[in-house]
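Engineer: What follows is each chain in one-letter form.
Protein chains: 2
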Amino acid sequence: MTDTVKYVLDETHIPKRWYNIMADLPSPPPPVLHPGTKQPVGPDDLAPLFPMSLILQEVSTDREIDIPEPVREIYKQWRPSPLYRARRLEKALQTPAKIYYKYEGVSPAGSHKPNTAVAQAFYNKEAGVKKITTETGAGQWGSSLAFAGALFGLEIKVFMVRVSYNQKPYRRALMETYGAKCIASPSNETQSGKAILAQRADHPGSLGIAISEAVEIAATNDDTKYALGSVLNHVLTHQTIVGQEAIEQLAMAGDYPDIIVGCTGGGSNFAGIAFPFIGAQLRGGKKVKVIAIEPTACPSLTRGKYAYDFGDTGHLTPLVKMHTLGSTFTPPGFHAGGLRYHGMAPLVSHCLQLGLIEAKSYNQIECFSAGVQFARAEGIVPAPEANHAVKGAIDEAIRCKTEGKSKTILFNLCGHGHFDMQAYTDYFAGKLTDQSYEESELAMALAGLPSVTA
Amino acid sequence: MTDTVKYVLDETHIPKRWYNIMADLPSPPPPVLHPGTKQPVGPDDLAPLFPMSLILQEVSTDREIDIPEPVREIYKQWRPSPLYRARRLEKALQTPAKIYYKYEGVSPAGSHKPNTAVAQAFYNKEAGVKKITTETGAGQWGSSLAFAGALFGLEIKVFMVRVSYNQKPYRRALMETYGAKCIASPSNETQSGKAILAQRADHPGSLGIAISEAVEIAATNDDTKYALGSVLNHVLTHQTIVGQEAIEQLAMAGDYPDIIVGCTGGGSNFAGIAFPFIGAQLRGGKKVKVIAIEPTACPSLTRGKYAYDFGDTGHLTPLVKMHTLGSTFTPPGFHAGGLRYHGMAPLVSHCLQLGLIEAKSYNQIECFSAGVQFARAEGIVPAPEANHAVKGAIDEAIRCKTEGKSKTILFNLCGHGHFDMQAYTDYFAGKLTDQSYEESELAMALAGLPSVTA
Chain V
0 MTDTVKYVLD ETHIPKRWYN IMADLPSPPP PVLHPGTKQP VGPDDLAPLF
50 PMSLILQEVS TDREIDIPEP VREIYKQWRP SPLYRARRLE KALQTPAKIY
100 YKYEGVSPAG SHKPNTAVAQ AFYNKEAGVK KITTETGAGQ WGSSLAFAGA
150 LFGLEIKVFM VRVSYNQKPY RRALMETYGA KCIASPSNET QSGKAILAQR
200 ADHPGSLGIA ISEAVEIAAT NDDTKYALGS VLNHVLTHQT IVGQEAIEQL
250 AMAGDYPDII VGCTGGGSNF AGIAFPFIGA QLRGGKKVKV IAIEPTACPS
300 LTRGKYAYDF GDTGHLTPLV KMHTLGSTFT PPGFHAGGLR YHGMAPLVSH
350 CLQLGLIEAK SYNQIECFSA GVQFARAEGI VPAPEANHAV KGAIDEAIRC
400 KTEGKSKTIL FNLCGHGHFD MQAYTDYFAG KLTDQSYEES ELAMALAGLP
450 SVTA
Chain P
0 MTDTVKYVLD ETHIPKRWYN IMADLPSPPP PVLHPGTKQP VGPDDLAPLF
50 PMSLILQEVS TDREIDIPEP VREIYKQWRP SPLYRARRLE KALQTPAKIY
100 YKYEGVSPAG SHKPNTAVAQ AFYNKEAGVK KITTETGAGQ WGSSLAFAGA
150 LFGLEIKVFM VRVSYNQKPY RRALMETYGA KCIASPSNET QSGKAILAQR
200 ADHPGSLGIA ISEAVEIAAT NDDTKYALGS VLNHVLTHQT IVGQEAIEQL
250 AMAGDYPDII VGCTGGGSNF AGIAFPFIGA QLRGGKKVKV IAIEPTACPS
300 LTRGKYAYDF GDTGHLTPLV KMHTLGSTFT PPGFHAGGLR YHGMAPLVSH
350 CLQLGLIEAK SYNQIECFSA GVQFARAEGI VPAPEANHAV KGAIDEAIRC
400 KTEGKSKTIL FNLCGHGHFD MQAYTDYFAG KLTDQSYEES ELAMALAGLP
450 SVTA
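Note that the protein sequences, when read in sequence, are chains V and P. Using numbering that gives the first Met the number 0, the first residue of the first sequence is number 0, and each one after it goes up by one. Using numbering that gives the first Met the number 0, the first residue of the second sequence is number 0, and each one after it goes up by one.
Calculated from the structure, these hints are not laboratory results. There may be inaccurate statements among the hints.
Said to hold, decoys possible - Under the rule of at most 20 Å between Cα atoms (straight-line distance), these lysine to any residue pairs were calculated in the SDA-like manner:
| id | chain 1 | residue 1 | chain 2 | residue 2 |
| --- | --- | --- | --- | --- |
| 1 | P | K75 | V | V7 |
| 2 | P | K124 | V | A376 |
| 3 | V | K5 | P | D2 |
| 4 | V | K15 | P | K180 |
| 5 | P | K5 | V | H12 |
| 6 | P | K90 | V | E72 |
| 7 | V | K180 | P | G429 |
| 8 | P | K124 | V | D2 |
| 9 | P | K180 | V | T424 |
| 10 | V | K75 | P | D2 |
| 11 | P | K304 | P | E437 |
| 12 | P | K75 | V | E72 |
| 13 | V | K5 | P | E10 |
| 14 | V | K124 | P | K90 |
Stated by the list, open to error - Looking from chain P toward chain V, a few residues come up when the C-beta cut is under 8 Å (computed):
| id | residue |
| --- | --- |
| 15 | D9 |
| 16 | E10 |
| 17 | I13 |
| 18 | V105 |
| 19 | E154 |
| 20 | L173 |
| 21 | A374 |
| 22 | G378 |
| 23 | H417 |
| 24 | F418 |
| 25 | M420 |
What the hints assert, rightly or not - Footprint (simulated), chain P over chain V, 3 or more residues, beta carbon under 8 Å:
| id | region |
| --- | --- |
| 26 | 98–110 |
| 27 | 139–150 |
| 28 | 173–181 |
| 29 | 220–229 |
| 30 | 315–327 |
Ideal Cβ positions, reconstructed from N, Cα and C, are used throughout, including at glycine.
Work out the full structure, taking the sequences as your base and the hints as a guide.
Structural biologist: Below, the structure written as structure tokens:
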């Protein structure tokens with residue numbers, strides 16, 4: 000019986016360097032622009048928001064960035080994360096494909112997010128910062144930064160999208176257990192929040208609005224910086240330890256993926272698993288089919304426009320070129336809160352433009368169905384976000400069966416669903432619906448994109 | 000910086016044999032009695048409820064019991080579980096003590112319970128059983144058996160104490176995700192449930208009642224057996240892999256505990272960590288101070304009577320000699336649902352009588368306070384049950400500080416609190432109370448103990 004195949008590495012195999020895909024891309028992504036001047040931003044423009052060490056990582060073209068030893072020390076608590084071969088799922092699907100998954104739910108906060116939260120907390124602490132503000136959707140990122148803040152003695156304030164704040168009180172409780180303050184957004188604590196509430200007192204919030212609030216507080220307080228859990232280059236770079244470990248673990252199995260699947264909201268877990276493989280390919284290694292899976296209800300990569308747009312609704316951030324649904328687009332309230340973002344990481348968008356990855360969208364009900372099948376075979380209950388990757392991997396495995404091909408599939412199980420069981424309850428009760436984005440609202444949001452010719 | 004100290008073993012170090020403390024005890028525990036005849040039960044008396052392989056384990060006096068290879072295969076998914084040195088907690092407490100904890104929350108169901116659930120599901124499957132009934136309090140056990148049932152293709156029906164069924168809908172959702180059926184107890188599905196509901200339609204339920212319901216279904220259906228998540232000898236034996244691994248991991252650290260702490264409800268996680276060390280002591284090894292921590296609101300070891308009693312409220316089970324609060328005692332609805340049992344494992348009770356362990360009780364608020372301190376230092380949010388062990392370990396570490404002694408403390412962090420965040424929410428909102436058991440109700444329950452002279 001070979002039910003469980005787990006590839007474990009000891010702590011000496013935690014990567015010593017993050018991988019920066021900028022060094023290997025055939026062309027750089029378009030520059031980030033100042034919203035006022037429409038000229039490329041320099042490090043000083045970002046200094047009110049981030050410590051200089053992170054700004055330098057954001058613009059770095061070095062292939063490798065050293066991971067500070069205190070960060071690796073903390074990584075040791077849960078890293079290297081396990082890589083599993085999903086033998087029981089393969090059997091259930093009767094597929095000739097080999098399915099591997101990297102499991103990031105082993106972190107204390109339950110997802111890949113602490114990989115960058117710990118790094119960002121470290122650099123802020125090092126720079127003498129006392130407080131960090133941030134936003135969170137489903138709460139994975141907010142609770143991860145709260146965890147990291149507790150370890151480094153930083154005060155953390157999290158603006159949580161109001162609909163999630165109400166739907167997911169237990170993520171909030173987790174942040175408070177770690178000692179962070181969690182506020183429903185839009186709030187009365189900021190000008191940008193007040194402006195939204197003046198228009199609509201019961202506004203459900205969005206990641207774009209929560210970002211505006213967090214950025215505003217950081218920009219107007221000297222001892223406070225801002226942290227983002229996805230989208231930015233340095234965040235994606237921090238996540239590449241996921242893919243680096245997977246390469247080594249697959250080598251233990253004598254294997255290498257033909258297909259890599261990840262879910263995409265802002266793009267960080269997807270980049271984390273995929274970029275080290277794409278980099279290897281760009282340096283002459285094996286070509287890999289890389290699939291980004293997004294929700295049909297918030298389809299930035301598959302239905303958005305590749306254009307300069309703001310990262311937030313209040314238009315406080317710089318302009319970045321990305322696949323976007325428009326910064327005023329409010330996605331419907333489906334359960335994968337971590338995927339409810341109007342834009343996509345510029346580096347992921349650029350990879351799509353370069354043909355290095357493909358994108359696909361799924362409805363939430365089919366994703367929950369895939370997640371339940373996975374849980375019954377493998378024992379782990381995935382987060383609603385991760386269910387998109389599960390569904391993508393299962394579909395590829397079924398395609399292998401149909402085509403009679405034995406491919407090697409790798410996907411990132413980026414987090415567990417322990418704090419999302421209301422979503423499963425609703426799924427079993429038949430209460431979930433497949434919400435499509437509103438065509439008209441989307442059209443309006445896209446029409447409102449800033450005019451930039453750069 | 001030596002923030003994280005984790006002792007990891009690879010899968011070849013998963014124990015090959017469970018340890019049975021019966022072989023090393025200076026005297027055997029008193030026999031289990033038939034409720035009708037008051038004579039010792041034989042294997043055949045238990046055959047309607049359990050497969051014979053488990054019955055033979057229940058009465059075995061062999062020191063070691065081979066773990067079937069398919070069970071070890073499944074263990075590989077999360078075992079050996081990590082042992083951590085709590086350096087950040089030690090620093091926060093400014094204690095000279097060394098604190099180690101074994102973390103069982105890494106299992107798919109989030110606690111130590113799958114260690115026996117997988118074994119029990121295996122033996123039932125092997126015996127041709129199709130369905131298993133069980134009871135659950137907080138849901139840790141029910142979800143673990145549901146997980147094991149999904150792997151072996153067994154139909155699982157869980158009677159969940161009604162107050163927990165209502166308080167903890169997400170544990171229920173977890174069981175359903177694994178494909179199990181979960182029913183609020185008392186229910187109308189059994190005679191014992193109906194009898195209780197006839198007395199009081201809104202009865203909150205208790206573990207004792209839920210056991211009666213599950214046992215009744217198994218006893219009256221040929222294709223159905225019953226499984227218990229604690230209390231019985233074979234269950235405690237299955238958990239000894241926890242302590243066996245800890246011995247090996249502490250040896251990696253060049254260490255051995257002076258003090259072992261575990262929380263006790265039915266006694267299984269406590270026995271799992273403690274019995275291998277007690278056994279070593281009984282065979283001439285180092286003497287260890289072993290402390291069982293229980294809730295003040297359900298204090299079987301510290302306030303109960305050591306007497307023959309029923310395991311269930313409906314008096315369908317055999318009589319076992321244990322520390323008991325009386326089988327009709329209904330503990331108040333505090334949050335550590337897994338510790339709300341009127342009795343204690345006979346083997347644990349026997350160890351207390353023999354002076355091999357000591358017992359101590361804590362109120363729930365001080366336990367949550369300890370759990371929050373632990374989470375902020377170590378990153379892991381403990382289950383409310385586990386908070387009792389955390390509190391016990393912290394108190395011993397503080398005593399070391401006061402006495403200026405550097406002792407080595409080991410405790411079992413038997414599960415995470417991801418499905419118990421309502422309890423943390425209530426704690427932060429100041430809504431928790433320290434409920435003491437009712438003296439009068441307890442007196443009545445103890446007065447109703449069966450008269451047995453054996």
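Engineer: Hint by hint, say whether it matches the structure.
Structural biologist: How the hints compare with the structure:
Pair hint P:K75 plus V:V7 holds up; C-alpha atoms about 11 Å apart against a cutoff of 20 Å. Annotation: proposed proximity of P:K124 to V:A376 holds, straight-line Cα distance about 17 Å (limit 20 Å). Using a Cα cut-off of 20 Å, the hinted pair V:K5 and P:D2 is violated, with the two alpha carbons roughly 26 Å apart. Simply put, V:K15 and P:K180 have alpha-carbon atoms about 47 Å apart, too far for the 20 Å limit, and the pair is violated.
Of the pairs offered as hints, the one joining P:K5 and V:H12 holds, with about 14 Å between alpha carbons and a cut-off of 20 Å not exceeded. A threshold of 20 Å between alpha carbons decides the hint, and for P:K90 with V:E72 the separation of about 16 Å falls inside it, so the pair holds. At roughly 17 Å between alpha-carbon atoms, V:K180 and P:G429 fall within 20 Å of each other, so this suggested pair holds. Simply put, P:K124 and V:D2 have alpha-carbon atoms about 16 Å apart, close enough for the 20 Å limit, and the pair holds.
For a cut-off of 20 Å, the pair hint linking P:K180 to V:T424 stands: about 13 Å separates their Cα positions. Taking the CA atoms of V:K75 and P:D2, the gap is about 9 Å. The hint holds against a cut of 20 Å. Annotation: proposed proximity of P:K304 to P:E437 holds, straight-line Cα distance about 16 Å (limit 20 Å). Proximity of P:K75 to V:E72 is assessed by CA-CA distance (about 25 Å); at most 20 Å being required, the pair is judged violated.
Proximity of V:K5 to P:E10 is assessed by CA-CA distance (about 9 Å); at most 20 Å being required, the pair is judged to hold. The straight-line distance between the Cα atoms of V:K124 and P:K90 is roughly 19 Å, inside the 20 Å bound, and the hint therefore holds. The interface hint given for P:D9 is met, as the beta carbon of that residue sits about 6 Å from the closest beta carbon of chain V, less than 8 Å. Taking 8 Å as the C-beta cut-off, the interface hint given for P:E10 holds, the closest approach to chain V being about 7 Å.
With a least beta-carbon distance of about 11 Å to chain V, the hint placing P:I13 at the interface is violated under the 8 Å criterion. Interface restraint check: P:V105 against chain V, minimum CB-CB distance 7 Å, threshold 8 Å, status holds. Among the interface hints, the one on P:E154 is violated; its C-beta lies about 13 Å from the nearest C-beta in chain V, farther than the 8 Å criterion. Nearest Cβ of chain V to the Cβ of P:L173: about 6 Å, under the 8 Å cut. The hint holds.
The interface hint given for P:A374 is met, as the beta carbon of that residue sits about 5 Å from the closest beta carbon of chain V, less than 8 Å. Hint on P:G378 holds. Least Cβ distance to chain V is approximately 4 Å, under the 8 Å limit. Hint status for P:H417 relative to chain V: holds, with the closest Cβ pair at about 4 Å, below 8 Å. Annotation: interface hint on P:F418 holds; nearest CB of chain V at approximately 6 Å, less than 8 Å.
Hint on P:M420 holds. Least Cβ distance to chain V is approximately 4 Å, under the 8 Å limit. Using a Cβ-Cβ cut-off of 8 Å, 4 residues of the region 98–110 of chain V lie near chain P, which meets the minimum of three, so the contact claim holds. Look at the region 139–150 of chain V against chain P: 3 of its residues bring a Cβ nearer than 8 Å to a Cβ of that chain, three or more, so the hint holds. Figure legend: the region 173–181 of chain V, annotated as covered by chain P; annotation consistent (5 residues with Cβ-Cβ distances under 8 Å, at least 3 required).
Only residues whose beta carbon comes within less than 8 Å of a beta carbon in chain P count, and the region 220–229 of chain V has 0; fewer than three means the coverage is violated. Three residues within the 8 Å Cβ limit are the bar, and the region 315–327 of chain V against chain P gives 0, so the coverage statement is violated.
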